[in-house]
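S.K.: Under the numbering used here, read the sequence shown as residues 34 to 299, first letter to last.
Please note that a few of the clues may not be correct.
Within a straight-line C-alpha distance of at most 16 Å, the following computed EDC-like cross-link-like pairs (lysine to aspartate or glutamate) qualify [unchecked claim]:
#, residue 1, residue 2
1, K137, E234
2, K190, E217
3, K136, E217
Read the hints as simulated data drawn from the structure, not as lab findings. Here the structure is a predicted model, which means the values were calculated and not measured.
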Amino acid sequence: MISSTKKGGYSKKPKSLLNLPEGKTKREKFQVSSRIDSLDRLRGLSMTSFLKMGGHLGRPRIHRSQRSLCIGQKNGIWIYDGEVIKNSLRVGYVYLKYFMDTKKPILVINQEESLKEGVKFFCEKMGFYHMQEKWMGGLLTNWGQAKKQRKHFLKVKETYEEILEKTKDRHYLKVKHRFQGVEEMENLPGLCIILDLQDSEYAFKEALKLKIPVMAFVNTDDDLAGVSIPIFGSNKSLPWIRWVFNLFLYWYSKDENKNWGPSFKN
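Work out the full structure: start from the sequences and follow the hints.
M.R.: This is the structure in structure tokens:
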């Protein structure tokens with residue numbers, strides 16, 4: 034039995050990229066978003082498909098900023114409104130495409146070991162950068178220094194890579210591991226995509242400090258404050274994350290007339 038929730042306000046209003054009418058609840062905003070003209074071509078998204086992935090399942094706890102986005106609880110677990118998830122995916126893709134068109138770097142931040150290969154595959158297809166190791170403190174807020182270190186590493190790599198790889202130089206391999214996924218990123222990202230705000234707390238704080246827009250996969254216990262583009266759903270569910278990436282790859286392949294075959298590696 035699903036119990037109903039109280040429809041109430043919440044103290045913190047996250048800054049959103051959605052330019053929608055004032056005075057609406059979060060759920061109403063994401064339902065209204067389906068009427069934005071640029072989203073009309075994405076109407077074919079089947080709710081059944083992501084329900085099978087368990088994307089609607091939240092956690093036992095809920096943050097006050099998300100209470101109005103859920104339809105209630107079942108067996109102690111908060112349940113997202115399916116329409117809210119559906120439209121967050123639509124809005125998320127439209128803004129993702131917008132940031133891609135700006136030609137600024139897009140950085141995907143992930144700490145989940147089992148998703149690393151999949152994230153790498155997704156980023157290669159979409160032309161994104163990725164940081165999947167322990168967060169390099171100051172990568173964003175101290176970009177000038179990080180850029181110098183990256184430039185020095187690339188110079189050493191170009192000249193001595195064969196010898197250093199052969200001798201398994203520990204310092205070289207450590208730095209190589211550190212810059213994996215971002216070694217070609219020449220400028221600060223225009224958008225950060227964070228798969229788990231709690232696991233990537235420091236990266237999130239750095240992005241906020243520099244006012245870099247953040248697209249984040251969020252669950253019911255996450256605070257939405259500071260998240261520009263939330264993707265609602267069970268962000269600890271690997272099938273769900275894979276499914277969302279598959280969906281974005283599919284939509285992008287249609288936009289760009291690409292024929293990639295099977296999208297996402299499991």
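S.K.: Compare the structure with each hint and give your call.
M.R.: Hints, one by one, checked against the model:
With a C-alpha separation of about 23 Å, the suggested pairing of K137 with E234 is violated against the 16 Å cut-off. This hinted pair checks out: K190 and E217 have alpha carbons roughly 13 Å apart, not beyond 16 Å. A distance of roughly 14 Å separates the Cα atoms of K136 and E217; the hinted pair therefore holds under the 16 Å criterion.
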